[in-house]
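Residue numbers (this note's numbering), protein chains in the order written: chain A, 38 to 310; chain B, 429 to 655.
The set of hints was computed from the structure by calculation and includes no laboratory data. Some clues are possibly wrong.
In silico lysine-lysine, DSSO-like type, Cα no more than 30 angstroms apart, as pairs [to be verified]:
#, chain 1, residue 1, chain 2, residue 2
1, B, LYS491, A, LYS44
2, B, LYS480, B, LYS491
3, B, LYS504, A, LYS44
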Amino acid sequence: MMDRVEKAGLGIAIAGHAVLFGLLSVGFLATPNPANLKQKPIEVTLTDEVALESTAPDPISEPATALSPEPAPLDMPEPEVQPAPPQPEPLKRAEVKPAPAPRPAEKKPAEKPRPEKAAAKPAPKAPSKPQTTAEPQRKSRLSRDMLAGLTDAPTQSRATGTPAQKAGPAVQSALAAEVLRQLKPHWTAPTGADAEKLQTKLCLTVSRSGAVTNIETQGTTGITASNRGLVQLHQERAIKAVKLASPFKNLPPQFYDTWKSMCPIGFDKRLSQ
Amino acid sequence: MLNMDAATLSPVALFMQADWVVKGVMLGLLLASIWTWAIIIGFWAKLKRLSKGSDRFERDFWKTDDIDRFHNAHVKSELPSAKVFDAGLTEWRRSTGGNSIDRDGTRARLATAMGSAVAHQIDELSDRLNILATVGAVAPFVGLFGTVWGIMRSFTAIAAEQNSSLAVVAPGIAEALFATAIGLFAAIPAVIAFNRFSHGINRLEARLNRFADGFHTTLSRELEMAG
Chain A
38 MMDRVEKAGL GIAIAGHAVL FGLLSVGFLA TPNPANLKQK PIEVTLTDEV ALESTAPDPI
98 SEPATALSPE PAPLDMPEPE VQPAPPQPEP LKRAEVKPAP APRPAEKKPA EKPRPEKAAA
158 KPAPKAPSKP QTTAEPQRKS RLSRDMLAGL TDAPTQSRAT GTPAQKAGPA VQSALAAEVL
218 RQLKPHWTAP TGADAEKLQT KLCLTVSRSG AVTNIETQGT TGITASNRGL VQLHQERAIK
278 AVKLASPFKN LPPQFYDTWK SMCPIGFDKR LSQ
Chain B
429 MLNMDAATLS PVALFMQADW VVKGVMLGLL LASIWTWAII IGFWAKLKRL SKGSDRFERD
489 FWKTDDIDRF HNAHVKSELP SAKVFDAGLT EWRRSTGGNS IDRDGTRARL ATAMGSAVAH
549 QIDELSDRLN ILATVGAVAP FVGLFGTVWG IMRSFTAIAA EQNSSLAVVA PGIAEALFAT
609 AIGLFAAIPA VIAFNRFSHG INRLEARLNR FADGFHTTLS RELEMAG
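Same shape as in the complex, but just chain A (with noise of 0.2 angstroms):
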């Protein structure tokens, strides 16, 4: 079928091909990689200074409430505490003006049995002051106590401790250069074929003194054939470093929220330089 040419063709177009696929296999033709620029990459972190979200709202103060305990309508004051019926009048404004003035709107539906209660508490008294007073053997047991929180004065929040401040980005971007300036004597990248590449991410959680309570490795990136050796040594060096690094000091107190959870801090060799 095939004459002495054809099989001579066939062999020439076979050592063809295969030529041909052997350069394309060694690159011959690769697009030049992507990676390998000329000059370095380097890190730009944008921060707005004047941010929509830059400083925090204030503390809220929750007025106390002013109702006693227990209190009883039948007991009447002794005659010291006549002027007891104008009482009611600045007892009503200390209690229902400032109620809806500081309170912001989402607390609202928690707050308004309260105005009616209070409200609804002296209702009776009233009528029943210059009844009793008629009384004089019968004492008032509304304490002094309650009287005295009954006042124009200020009221104490019952919210322990100061909210912490929601951290704009300029404080944020200051909180993180903070804490990687104190992990970067720590961390040493390991070195190998490709090992620039490599980045680890760590979650931490950290107490209010500084001191890391939990970490968590969020996995590494940037593997390729040459460096999957590393992986596991640079997640150990990472996590070493934050060990070495913690407790960590002069973060504000204030911002505790911004900086109690600090996910994810990337660990290259970056850092390291």
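Add chain B to chain A, keeping to what the hints say.
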């Protein structure tokens, strides 16, 4: 160093990552490409050899005085011109071997014999051309089939991984497009070669017909003089 990274243009890596359907398409197209090139090289060499040989043969033929000796010298020749010449001379000897010579019949038989010899030579020669035509017409479609299949598979992978990032999609699409690349790689030379060789065959046929006509004229003149 064999680069197995899909980011390069390594055909081996692209082939190894492909689906078995795409692999089959790629293998088939690769074989088609090899077969096409084998035919192209073989045909080109053969056509060139026959063309040159026919040139020399015809030049020698018109120069020679003794046709019988010339025939004996070239009876083993594989050249189409020699075959046509052999068919014509054999018919001439048969027709003029008897006692009575039918001139018109001899002329007709000579023409038929040489015409069929030309047709036979051209048929034999153009036997492989249909493969080139088939590869040229079908290979792009086969490659396209592999590509469509591979891209369908890529999209299924996107759906499965819930991730449409380019890194997930790109290798599958690259390997799928590689099928079309091989298809075009096989088809383009096949189409070019088919057109080129068809033209060559047509020219050869025309030259053989001219030679046959010339020989026929000569024999016809001989026939007249013999009578």
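We went through each hint and held it up to the structure:
no.	hint	in the structure
1	B:LYS491 x A:LYS44	36 angstroms, violated
2	B:LYS480 x B:LYS491	17 angstroms, holds
3	B:LYS504 x A:LYS44	22 angstroms, holds
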